[in-house]
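Asks: Bring the two chains, given one by one in their own frames, into a single complex with the hints.
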Amino acid sequence: MYMIKLAIFGFGAVGRGVAKILIDKERIRRLIGEYTVVAIADSKGAIISDSIDLKKALEIKNKEGSLPERLTVDEIIDSVDFDVALELTPTNIKTGEPGLTHIKKCLKKGCHVVTSNKGPLVVAYKELMKLAEKNNVKLMFEATVGGAMPVIKLIKRDLAGNNIISIKGILNGTCNYILSKMEKEKLPYDVVLSEAKELGIAEANESYDVEGIDSAAKLVILANALMNMDVKFDDVEIVGITKITPEAFEIAMEKGYTIRLIAEVNEQTLKVGPRLVSLNNPLCIHGTLNAVLIKTDLAKEVFVIGRGAGSIETASAVISDLAEIYSCEVNK
Amino acid sequence: MAIVSLVVELKDKPGQLAKVIEPVSKYKGNIISIVHRREEISEGKVPVEISIEIDEKNVKKLLENIKSKGITIKRFNESRLTSTTSVVLIGHIIHTDLSSTIDAVDKTGFAEVVEMHISMPCLNKPSTAMVTISAIGDEELKKAMENLKAVCKKKGIIMIEPLEPE
Ligand SMILES: NC(=O)c1ccc[n+]([C@@H]2O[C@H](COP(=O)([O-])OP(=O)(O)OC[C@H]3O[C@@H](n4cnc5c(N)ncnc54)[C@H](OP(=O)(O)O)[C@@H]3O)[C@@H](O)[C@H]2O)c1
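Going down the list, the protein sequences come from chains A and B. Just so you know, we're using the numbering used here here: the first sequence kicks off at 2 and counts up by one. Just so you know, we're using the numbering used here here: the second sequence kicks off at 1461 and counts up by one.
To be clear, the hints were calculated from the coordinates, so they are not data collected in a lab. One or more of the hints may lead you astray.
[What the hints assert, rightly or not] Across the chosen pairs, the derived CB separations fall in these ranges:
hint : chain 1 : residue 1 : chain 2 : residue 2 : range
1    : A       : Lys-296   : B       : Lys-1520  : 33 to 39 Å
2    : B       : Val-1574  : A       : Glu-238   : 25 to 31 Å
3    : A       : Lys-57    : B       : Lys-1585  : 55 to 61 Å
4    : B       : Lys-1602  : A       : Phe-234   : 22 to 28 Å
5    : B       : Lys-1615  : A       : Ser-167   : 27 to 33 Å
6    : B       : Lys-1521  : A       : Asn-229   : 40 to 46 Å
[Unchecked claim] Keeping only pairs whose Cα atoms sit at most 16 Å apart, straight-line, the calculated EDC-like set for lysine to aspartate or glutamate is:
hint : chain 1 : residue 1 : chain 2 : residue 2
7    : A       : Lys-272   : B       : Glu-1621
8    : A       : Lys-244   : B       : Glu-1621
9    : B       : Lys-1585  : A       : Asp-191
10   : A       : Lys-256   : B       : Glu-1624
11   : A       : Lys-6     : A       : Asp-84
12   : B       : Lys-1488  : B       : Asp-1515
13   : A       : Lys-272   : B       : Glu-1624
14   : A       : Lys-26    : A       : Asp-54
15   : A       : Lys-296   : B       : Glu-1624
16   : A       : Lys-110   : A       : Asp-75
17   : A       : Lys-233   : A       : Glu-265
18   : A       : Lys-272   : B       : Glu-1606
19   : A       : Lys-272   : A       : Asp-235
20   : A       : Lys-256   : B       : Glu-1621
21   : A       : Lys-301   : A       : Asp-159
22   : A       : Lys-256   : B       : Glu-1575
23   : A       : Lys-110   : A       : Asp-84
24   : B       : Lys-1609  : A       : Glu-238
Positions of the beta carbon are idealized from the N, C-alpha and C atoms, including for glycine.
In isolation and in its complexed conformation, chain B is listed as follows (with noise of 0.2 Å):
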């Protein structure tokens, strides 16, 4: 799932709404967030700003078909990612070839590492760190996990994972 916003253009009268909610759920989107932006209205048009969850394949299809209704556009951006958690590694990281590591989670394309403390107590002995990995969707964070707990696994790492889903 991502999390889109965009802000239309919508005609100063009734009915003028459904044209945008109506695409969202034929693409089982849900909308998050409604904003009039009343203050803004020009040429009897209001700017409306709305926060989708949609499914990233469906993000496309969802703006073709609301322009196709002949709703201006006027800003879209879809925050990627919108998972996070964080992990805490203990064994040899650093010995192990840590970018290596840190590529069974980057190189996925749909997650990345995007934070890491790494604390070393002394020489020789396992390190501890804890990473922070962010992706595109909840399915996607959990694949991400796979591949670094599979990598770990090779290399002797143990990987603690958190209870609950962030």
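So here's chain A without its partners, still in its complex pose (with noise of 0.2 Å):
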């Protein structure tokens, strides 16, 4: 039997998530076969054996805040043999590092990967595609868009065959908690921030979120890996939602409608801003939610809803695509 290697880079809120779950030897097995994790990188060190103790590197991360051995997630891909590396790094849009190095060291060396990481996407996604293919292996990005909401693979494989018209959806949950509640509460902008802070629902730097960049991001991976396209961060029409008021609530319900920050993509647009949504439209979602209403050729509408991040959620999105990569093998 074979033993599948992985390898954690990034043991943060999802690396962690998904070390958890991958403690669930009999869950796991029943998806990949036999497998064992043989590193886990942070930003400051590594844990590497043939087989590492996931109880025990959760442990040593919480007690001491990183990991021990003195090694960079560049040498480890150098120096240690797996099968699959599961990019779960920081993202930076704008240089998509250190995502974008891992990410091709990794797939030139002959493994998959599996990340979480919108960088590396965002800034190469075609590159990054033609050096899997040329590789023999595969790169997965499901978690990137939509958290635990199943998007990449439900449109790629439930979808084959179809034609993608359009996607509309909600890709942060932040900007939706805090649009819903301005327009439960009736309260300012600024209060409805404030409190999502204290809540851990919004970021100490909000911006990232609220001025749609996030989104943006995604939208940007969904339109080249879903419909085909080849566009850039800057190619997208950004609005964010730190101007709305609470009267634009009000005047608009009068109307029937609310306010969601929407990202967009058809033939002829690519934009993310605030848009009045119907209040029968199945994207009137509330609170942290995230959603995506697709419409293609054959299927017509499909619609998805789920959580958009949350450190399991997301895990069990990194997992799927694990279990994608040994689906064939599994079945055989």
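Replies: If you want it as structure tokens, here you go:
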């Protein structure tokens, strides 16, 4: 029986979520067969072993803050033998780094990659896909858009054969929380934002979310991966939610509308911005949820809703990608 | 596209309606409804009311073609503004010359601001408005919206458009 060797790069919320699920050997074996984790790295250190005890690794990370061995991801890729890299480091949509270098090196080495990191895909989608194909390995990225909510594989696999006409989505839970709260409680933006920060729903530096940047990055991935486009982040027309007034909700409501931050792609459009959404529209959702309305030529409308973030939730998408890589082999 | 409704007088015998339908399809019109007003028959002629969706460019030619077949058009009216949408504007709407903002739509000749509702919270704070725009067709509505959006962008006003057409 072949033993699949996994490497985890990035041991934050998502990395640790993945590790927690991987502890459940019975659950994962059914999907991919025998496996072991041979490397884990964070920004300062690593653990390398033929068979890492994940429980212990989580304990060390919690207690010490960082992993003990002085090794970088680059050094690990050069020196450790593994089959799949789980690239879960922070997103940088300008440079794609450090994930971009990690992913390229892994693909060139002939390893599959599963990532939750938008940066590398936003910066170099086509290049990375070609590299994966050339090296006969897979690059999977379900977790980059919509967290646990299935979108990428849903469209690629379950809607195979369809042409995608348009995708409209709520791809940022923080923005949706703020807007739906403003709608319900008739409060100004600033008040709801500080509340969201206290609850840990918005980050201390919220601009990445509320300016629409995060949604735009995800939209670029959807357009390139699912609609056969070749667009860049700068092609997206972006308006954020920071200037929305409580009165806007009141007068929109008179016409049966609310306001949500919508990312939209079709042949003529690539934009993120606040939109009037009819109260009857399925995208009129509340709280931190994400949702996507897909329009195709054969299946027509398909609607998905789910959790766009969270440690275990996002790890769920990473695990499903891992399962997909080995699905053919297990079924044999 | 425009919606026109006309009332024609047809002889009360078979084959008459075809004389009207034929020109409609010739000019790529789409018949929305046909009503025979049998109770109004006089001198062997039935008034028939027909609603047609048709490119405004073809309306005149359609009417002429029908007339040339010897059919009397008793009444004709074109409802001009058929496409409507609402947008929300947020910003210093009043202080940035409201009338020039509205002109972006009204001056087109094919679209108008038909309704406006402004809410001003307090002095010097941005105000919020719901603006309803009607145009003679979907394409024209889109163009009017683009004009408005360009003006708003220049003035630093955010324009929130509906996700789906009305
Ligand atoms: N959290 C979510 O709900 C969610 C959802 C969807 C997608 N994502 C994406 O998933 C990725 C991970 O998110 P997260 O929430 O887990 O972030 P996080 O908690 O900040 O964790 C990032 C991890 O990457 C490590 N790291 C940073 N630079 C590194 C480097 N050069 N080499 C190796 N490791 C490095 C960090 O090390 P230290 O521990 O030493 O700081 C940390 O362990 C991001 O790209 C994010 O956008 C997250």
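Asks: Hint compliance check: list the failing hint numbers for this structure, sorted ascending.
Replies: none
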